[in-house]
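Number of protein chains: 2
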Amino acid sequence: MIEVQEQELLAPAELERRLQAIGAERYHHRHPFHLMMHEGKLTHGQLQAWALNRYYYQSIIPIKDSIILSRGEDSAFRRAWRKRIVDHDGDGTRPGGIEKWIQLAQATGVPSETVIAERGILPAVRYAVNAYIDLVSKRSFLEAVASSLTEMFSRDLISLRVDRLHQHYPWLSGGLAYFDARLTQAPEDARFALAWVTEHAQTRPEQELAIGALSAKCDILWAQLDAIYYAYVTPGWPPPGAFRPDEDQPA
Amino acid sequence: MIEVQEQELLAPAELERRLQAIGAERYHHRHPFHLMMHEGKLTHGQLQAWALNRYYYQSIIPIKDSIILSRGEDSAFRRAWRKRIVDHDGDGTRPGGIEKWIQLAQATGVPSETVIAERGILPAVRYAVNAYIDLVSKRSFLEAVASSLTEMFSRDLISLRVDRLHQHYPWLSGGLAYFDARLTQAPEDARFALAWVTEHAQTRPEQELAIGALSAKCDILWAQLDAIYYAYVTPGWPPPGAFRPDEDQPA
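Protein sequences appear in the order of chains Y and X. Sequential numbering of the first sequence, starting at 3, is according to our numbering. Sequential numbering of the second sequence, starting at 3, is according to our numbering.
Be aware that a few hints might be false.
Since the list can't tell identical chains apart, any single copy or any two copies may satisfy a pair.
[Stated by the list, open to error] Below 20 Å or equal to it, Euclidean Cα-Cα: the simulated SDA-like pairs (lysine to any residue) are:
1. K140 x I65
2. K43 x Q169
3. K43 x S161
4. K140 x I69
5. K140 x S217
6. K43 x L12
What the hints contain is simulated information worked out from the structure, not anything from laboratory work. Predicted, not measured: the structure shown is a model, and the values here were computed from it.
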């Protein structure tokens, strides 16, 4: 635990600087799996494993946002936050983020039935994702909201990713609608959450809790890629029962 | 999910055979990290990382057993089960399993303060261990009890491990009291749990749930070693903030 005693409240700009520093050090844009993706070094099978496993994360986003919604005691907060659920679940006419992620997985060649049934997803990915549910359920409401601040960093990552996926894996180009939408959604969401955290972290220990929650969320994202990298990139082995790509040629 | 429809109840011997088959395929005696340990191939630093990270698992055992105790509606069950909590927490005079595990970690050279503060433990190990808490809290009581059945397999593993640790890492010999105790405790506990599951899984779907819970528990044990192996054995990298051994010489 970070020990903070009788320390002064950080000014908003300094709080944002601390949050940015967490991202620079711990956000998964630095993870070797993403570096390989951006350099076009992943095989077709590795991209399949990524799309399939990451689906589990996508599938719980509206659940974790519903938990946050259920803990928000203020109508204005809930009105702002519920947009996130619509973004991921869609409105029944336009597809939401989950459906778009299934399209991405299909574009890699994983059948939608496998994705929706979550067949072969790595246990370690499940555990990490479930830790996110745990975080927003059990930690303070401030920490639950602050854990979403990884969206401060996601625009740059997604923008680079879309560019590099088009370049290195042109056969995937039809499946990138998810990322196109996130390019505008994520910065909007991040702006709201950062303003809210800045306003509601009213003591230095609360500010440190918010910073810690962002760090914990970065760990959760990082651990998912670790599990995928080690099962499918290093000369390792997927654990018993996990997805096995049907081919492992360069993509 | 396993689909079971109108299938017949397994006879007790057949149920036990199915459970044994899960262990043969999925229990962590087959994990490469343990194979290396038993061949004397782990470095000192790798043994430190193992002892430190595995402490987190040890530390929650009496918590998960207390959850099971809290869900047991029958006095006779609770009387039998509470022994496990005593085994791990001790009685204030004789040390319990947690204290003995701290001794083991100290024997590897990790200070007890580091262990008790759980400093540098891999996030992925935390997530896997917390999934065990989740399992015994949220799944059916039958599954919660059945998840303990990995103890059917632990005597053979511990017996081999103690033998090989003495052989390959004689400087660890003073720290093995934990395992000595488990050699008698685990089989007693396994006998009780197997008899209880056999009696209380009264339909084939219930039997399949019990088998599935054992499999899920094996995944949880396996994922912990995956995280340790990949952070400390493969030419990988411990995630940001994780324990780094101070030396990496052959043990």
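When no copy is named, should K43 and Q169 be tagged within, between, both, or neither for a Cα gap of at most 20 Å?
-> within (12 Å within a copy, 43 Å between copies)
How would you label the pair K140, S217 (within, between, both, or neither) given a Cα cut-off of 20 Å?
-> So K140 and S217 pass the 20 Å test inside one copy only (16 Å; across, 27 Å).
With identical chains treated as interchangeable, where does the CA-CA distance between K43 and S161 reach 20 Å or less: within a copy, between copies, both, or neither?
-> within (18 Å within a copy, 44 Å between copies)
Indicate which option fits the pair K43, L12 if close means a Cα-Cα distance not exceeding 20 Å: within, between, both or neither.
-> Answer is neither; intra-copy 42 Å and inter-copy 49 Å both fail.
For the identical chains here, do K140 and I69 meet the 20 Å Cα criterion within one copy, between copies, both, or neither?
-> Both. Shortest intra-copy (10 Å) and inter-copy (17 Å) distances satisfy the 20 Å Cα cut-off.
Between the shortest in-copy and the shortest cross-copy C-alpha distance, which are at most 20 Å for K140 and I65: within, between, both, or neither?
-> both (14 Å within a copy, 17 Å between copies)
In this structure, the one hint that does not hold is number 6.
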